[in-house]
Amino acid sequence: MNDPKAPDVPSHLALAIVATMICSPPGGIVALVYAARVREFLEAGDFEAARRASRKARAWGWGSIVVGVIGGIVLIGGGVALVLYYLVA
Amino acid sequence: MNDRPSRALAFDSVRALILAGLVLPVGALLFRVDPGRSSLYPRCPFHDLTGLHCPGCGSLRALHQLLHGRPLAALDLNPLLVLSLPILGHAALGGVGLRWRGRPLPRLEWPARGVRWLLGLILLFWLLRNLPVEPFRCLAP
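Each protein sequence line maps, in turn, to chains A and B. For the first sequence, the residue numbers in this note's numbering are 1 to 89. For the second sequence, the residue numbers in this note's numbering are 1 to 141.
Because the hints were derived from the structure by calculation, they are not lab data. Among the hints, erroneous ones may be present.
What the simulated footprint calls covered on chain A by chain B, stretch by stretch (three residues with Cβ under 8 angstroms from a Cβ of chain B suffice, anywhere in the stretch; the number is not a length) [what the hints assert, rightly or not]:
no. : segment
1   : 24-33
2   : 36-44
3   : 55-66
Built from N, CA and C at the ideal position, the CB exists for glycine as well.
Let the sequences and hints guide you as you build the complete structure.
What follows is the structure, given as structure tokens:
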């Protein structure tokens with residue numbers, strides 16, 4: 001810690017919090033776990049492991065945002081289809 | 001870092017424009033149309049699949065109440081979202097590269113222990129707001 005040569009590895013904490021709160025909590029929680037592991041590896045001085053965890057935190061964060069938003073929009077479509085079905089049938 | 005400041009600045013203003021182009025119409029819609037009474041908004045897949053409330057459920061309704069100046073109603077719908085708004089704002093503004101006194105906004109970084117506490121808090125909130133027992137029912141939207 002406090003090593004001036006320590007690389008700046010992002011934990012993507014903000015992304016993980018956004019993912020968790022925008023209705024995709026299961027994936028967001030995984031992103032939060034990886035964000036915590038980034039910081040743990042950084043504090044332990046294992047920068048390679050921190051970079052790997054950072055990439056996973058970013059992938060899980062963006063992945064769950066996309067899944068949450070697409071899932072929500074698909075459900076709107078499903079609701080519209082259901083209303084149309086009731087109107088026609 | 002700063003070898004091409006002018007290009008970075010142009011990129012940042014594009015991102016700021018995109019953010020404003022998303023936030024302003026969504027904010028106007030949220031102000032005009034109550035998500036609690038309209039099926040116009042995206043639905044929560046977790047709630048639809050399981051019938052349970054997720055930590056984010058009630059967020060849009062809470063934002064609608066906040067925009068109408070009713071913070072207590074917003075806290076009632078989703079206290080965790082209202083309390084984490086400063087963090088979400090920081091994430092959004094930092095993500096578009098907002099500069100504060102010539103420097104980029106510092107990235108949101110907490111020590112590992114802080115992230116673990118936040119994780120525990122979210123999981124606890126998730127569990128408690130689904131308990132059908134009186135003191136915790138107020139946490140559900």
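Next item on the list: Go check the segment 55-66 of chain A versus chain B for me, would you? Three or more residues, Cβ under 8 angstroms, otherwise it fails.
Entry: violated (count 0)
Checklist line | Coverage of the segment 36-44 of chain A by chain B (three or more Cβ within 8 angstroms) | finding: holds (count 5)
Notebook entry, point to check: For the segment 24-33 of chain A, does the count of residues with a C-beta closer than 8 angstroms to a C-beta of chain B reach 3?
Noted result: n = 6 at 8 angstroms, threshold three: holds.
In summary, the structure is inconsistent with hint 3 from the numbered list given earlier, while agreeing with all the others.
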